[in-house]
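A.B. asks: Got two chains here, each in a separate frame; can you build the complex from them with the hints?
Each chain is listed here by its residues.
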Amino acid sequence: MKFSVILDALPYLLEAAVTTIWVSLLGVLLGQVIGVVVCVARQSGGRAADMAGGVYVSFFRGVPLLIQLLLIYYMLPLIGIDVPPLVASIAALGLASGAYVSEIYRGALNAVPHGQSEAALALGFPGRSIWTRILLPQAFRISVPALVNELILLLKASSLISVVGVAELTRTSQTISASNYRPLEIYLAAGVIYLAINGALALFGTLVERRLQQA
Amino acid sequence: MLDLSLLVQYGPSLLRGFGITILCWGAGCLIGMVLGFVLMLLRQLPVKPLRWVIRVYIEVIRGTPFLIQLFLLYSGGPSIGLRLEATTAGILGLGIYGSAYFAEIFRAGYQAVPKGQVEAALSLGMSYGSILKRVIVPAMLVSTIPAIVNMMAILTKETVVLSIITVPELMYEMQTMAAETFATFETILGMALFYWLLVEVVSRLGRRLEARVTRYLTHASPQGSSSETATARA
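If you read the sequences in order, they're chains A and B. Throughout the first sequence, residue numbering follows UniProt numbering, covering 1 to 215 in sequence. Throughout the second sequence, residue numbering follows UniProt numbering, covering 1 to 234 in sequence.
To be clear, the hints were calculated from the coordinates, so they are not data collected in a lab. Only a predicted model underlies this, so the values are computations on that prediction, with no experimental measurement involved. Every residue, glycine too, gets a C-beta built ideally from N, C-alpha and C.
Derived DEER-like restraints, expressed as beta-carbon distance ranges:
hint, chain 1, residue 1, chain 2, residue 2, range
1, A, Y181, B, P49, 32 to 42 Å
2, B, G129, A, S44, 55 to 65 Å
3, B, V34, A, S58, 27 to 37 Å
Chain B on its own, in the form it takes in the complex (with noise of 0.2 Å):
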């Protein structure tokens, strides 16, 4: 089995990888919302082309492999200009590969949000601000937060991937690790193990979220998001 002076002789950099791990994850995840919020807003207004682009990025980003938009981004990129350090490119391939399931996550909740709801608050002299802020998008989190956290979740599993464009993160440097030290097989068991695990927190984490968001829900208006919350899932 793998020495554990192994571990204290390439520790930091298993350190630095996970740090990188968490810090593409972290960024990836919030790109990825923000422009699928972005997108899914776009998507309401009434301009059909607008709508017809949306949806071309959304079905081509879904419809295509992970790995193909990252050699895009990072060898592609070059072609027209876009020279991107790696870490930099993966970041930016995690947030454009999650915005497009963001936008379609979004789309549900903004859906499912009812049509009484937006009206009352039209009546009430809202303006569409701050419907959006106070009425929308709090019913939308509350619905969409399983979906969410199992994209997130998804994009964890993700981000090994970047290890192929030569982002250092964790699995770039286990890999550096297997391959100096000849203890291939123990190292890539390692990482199996720890992923799972990693993957387990982040469902954990979110299923707790979860509960707690759900909980407050139910106390502010008990209308029976559960349902609403059940469909989000699937």
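Bound-form chain A, shown alone (with noise of 0.2 Å):
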């Protein structure tokens, strides 16, 4: 062990860390705004809507992520559309995020009484300010912990994307040992940059959550 190798490495790790930081934040939004759509329209878009959503649910779920990032990224060049490896990375994160993020949002749904969207009915709220005003507000709420999760899960996910190339934290790790040959020292400092991230993302989880049920 030679902790000098860590120091040197250091800024490049922690420029790298930055990357991995907002590729995940990037995709976590992308997955909220298509999980949301995804919920919504299952729940009040007709039967062909809800049959289309459990497939994309059941799919990005069931398919290993590695597996859906190399997909995206060969399948887009295919249909015309030609992006850099970045971009194909956050729309990966943000499709299978989305799919949790559906299926979270549809158990905190159940947990908002039936009798409030019933109410807002029968006072004449029109469907659409039912969603944004009563259901999602609370949805939310309620779901806080689990989005939470899912934003740290999506950290540790984003690891994968440095198969295509993207210079995040353990892409960069893997540059930085391939030429000093120390991968232990790099990769622990790795680990530590992670374990320090999550660590301070369930933090905030906590005191957002402790700030909610103050509210």
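C.D. replies: Okay, here's the thing in structure tokens:
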């Protein structure tokens, strides 16, 4: 073990960790949007939408993320969309996350009493504002712990995008350890950085949860 | 679309790859469960430092990406004299990764065993070993089966990551085939469909096992364990 190796590599690792963080954040944001849309479509879009949503959820939860990533990475150019690996990676993370998020919201919606949407309907709320003013805000609040958990899972999963050459934490660790022949130290450092980010996220999640409980 | 003659040409290597996938998965699950069970038992001992070490182990494994753990084991291992073949490293890595999750699953199951049953067994003069074997483990297995099945399905998906450290499993063989035939997209699409099916089969079998085990439970002791099963799933 040589700690000076870690110190030398640290600036590069931290820079890569920033990429990891924002790729995961963008992935989660995209996942949120997709998840909410899929969830609402499945609940109120009729049988065809429900079935399509069901296939989407089943596919993206059943197929390993690495394969989804390669599929999107190779499929986009085939249909004429030429995007950098970074964009393909964020799309893959978002699509995968969306499948899980839509299920999280589905569970949370079940926890909102049915009488509330009936009451809103009786009061003459249009369908869309029942969703935006009554169901989704409560579902969001209920699902905060699960969503933070989802963010942590996605951050760990983002290590897989190193395969398509995105210079995030895992890829950068690979590059550095290939040049200085010190894989043990470098991967340990990378592991500690991942752990620290996840610890911070978990703490943030607890704070948000406590805040929401007070409100 | 995919030229069918390719399947004939690459069939044997794909089949071998699938065999290694199943081997890694089975052995990884087994190591993970045994190690997880031992960790859970050790955590019950009234030794503070030991509990603390196990807790750190579990948090570290659950807080870092599986790929980083694999790299540490496979590329970092030789630095401390641990030279493993890719497949061995993959199985071990899968086992270590799974053990942290299985330890938590088993702990929840252990805590869900009613204290009264253990006390009753103690008052009947049973030794701790036989209480474990005849009272705790059977009740625990039943309440944790959904979570165990879920974890096994997750590990099925994680086996593809082993291809990155060159374990010659299905994903690796498929990528070789894709690189040699330039039928990249078709190959990956085929693989996606195959794994989708595989994970579905694992979950279905798991659900069947779950139904069977729970039915047995309602015969043996009718004290409504269905709620426990539900919490274990969450």
